[in-house]
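One-letter residues, chain by chain:
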Amino acid sequence: GAGVSQSPSNKVTEKGKDVELRCDPISGHTALYWYRQSLGQGLEFLIYFQGNSAPDKSGLPSDRFSAERTGGSVSTLTIQRTQQEDSAVYLCASSPTGQIYEKLFFGSGTQLSVL
Amino acid sequence: ILNVEQSPQSLHVQEGDSTNFTCSFPSSNFYALHWYRWETAKSPEALFVMTLNGDEKKKGRISATLNTKEGYSYLYIKGSQPEDSATYLCASQVLNRDDKIIFGKGTRLHILP
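Going down the list, the protein sequences come from chains Y and E.
Counting from 2, one number per residue, gives the positions in the first sequence under the numbering used here.
Counting from 479, one number per residue, gives the positions in the second sequence under the numbering used here.
Hints in this document: simulated from the structure, not taken from any laboratory.
For glycine and all other residues, C-beta sits at the position ideal for the given N, C-alpha and C.
Wrong hints could be hidden among the right ones.
Calculated pairs, DSSO-like style, for lysine-lysine (alpha carbon to alpha carbon, straight line, at most 30 Å) [claimed, not checked]:
hint : chain 1 : residue 1 : chain 2 : residue 2
1    : E       : Lys-547   : Y       : Lys-104
2    : E       : Lys-578   : Y       : Lys-58
3    : Y       : Lys-12    : E       : Lys-547
4    : Y       : Lys-58    : E       : Lys-583
Chain Y regions said to be covered by chain E (calculated; three or more residues, Cβ under 8 Å) [as the list claims (entries may be wrong)]:
hint : stretch
5    : 8 to 22
6    : 63 to 71
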């Protein structure tokens, strides 16, 4: 079956513009994560959706970042008024139920460059 | 240890040699330890998920061990091959972090021909 799909694969934007990043998880997966990797850094947790529960937004770096997940499937990460420090690879991952022993299935990421 | 730490940050290994690297994680309220391989231009791919102290997992030439009491895991690669060149990520799930999966910065492995 299809894996986790992310779009766009690359996004170049100007400082101050808004961007939207999309993630299509594997069908039926209830848990969805957003991470980002800045140059020289590890994978930084951003937000976690689990079924119909309120999302865990504790990793979002500022109020310019928001995410939603419609119908328990597709998720959109929105960055408003982008800054150069937002440049990173944004990765989405899903797992079947979010149980502790489940591995994550990752998308190929969106490379965001803010000029 | 409040975060997941990996060492070394980067490693060069001659083809055919064996190697290993370390992941350190919070030992209190431990849930699970994950290892992922991230090759350039590809998605991170799960290698192992381990939950029990003393657990050992093996996948081909790659194996991992887990010590939950002292908070460390080792990843071993036997007889390194060029296709092993990748970043190896370790991630921990801890109770007091609401089950979030927290990653280390990774070990970048380069296999020299």
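To see whether the hints hold, each was checked on the structure:
A threshold of 30 Å between alpha carbons decides the hint, and for Lys-547(E) with Lys-104(Y) the separation of about 22 Å falls inside it, so the pair holds. Of the supplied pair hints, the one linking Lys-578(E) and Lys-58(Y) holds, its CA atoms being roughly 11 Å apart against a limit of 30 Å. A distance of roughly 44 Å separates the Cα atoms of Lys-12(Y) and Lys-547(E); the hinted pair therefore is violated under the 30 Å criterion. Taking the CA atoms of Lys-58(Y) and Lys-583(E), the gap is near 21 Å; set against the 30 Å cutoff, the hint holds.
Counting residues of the stretch 8 to 22 of chain Y whose CB lies closer than 8 Å to any CB of chain E gives 0, which falls below the minimum of 3, so the coverage claim is violated. Residues of the stretch 63 to 71 of chain Y with a Cβ under 8 Å from some Cβ of chain E number 0, which does not satisfy the need for three, so the listed coverage is violated.
Hints 3, 5, 6 from the earlier list are contradicted by this structure; the remaining hints agree with it.
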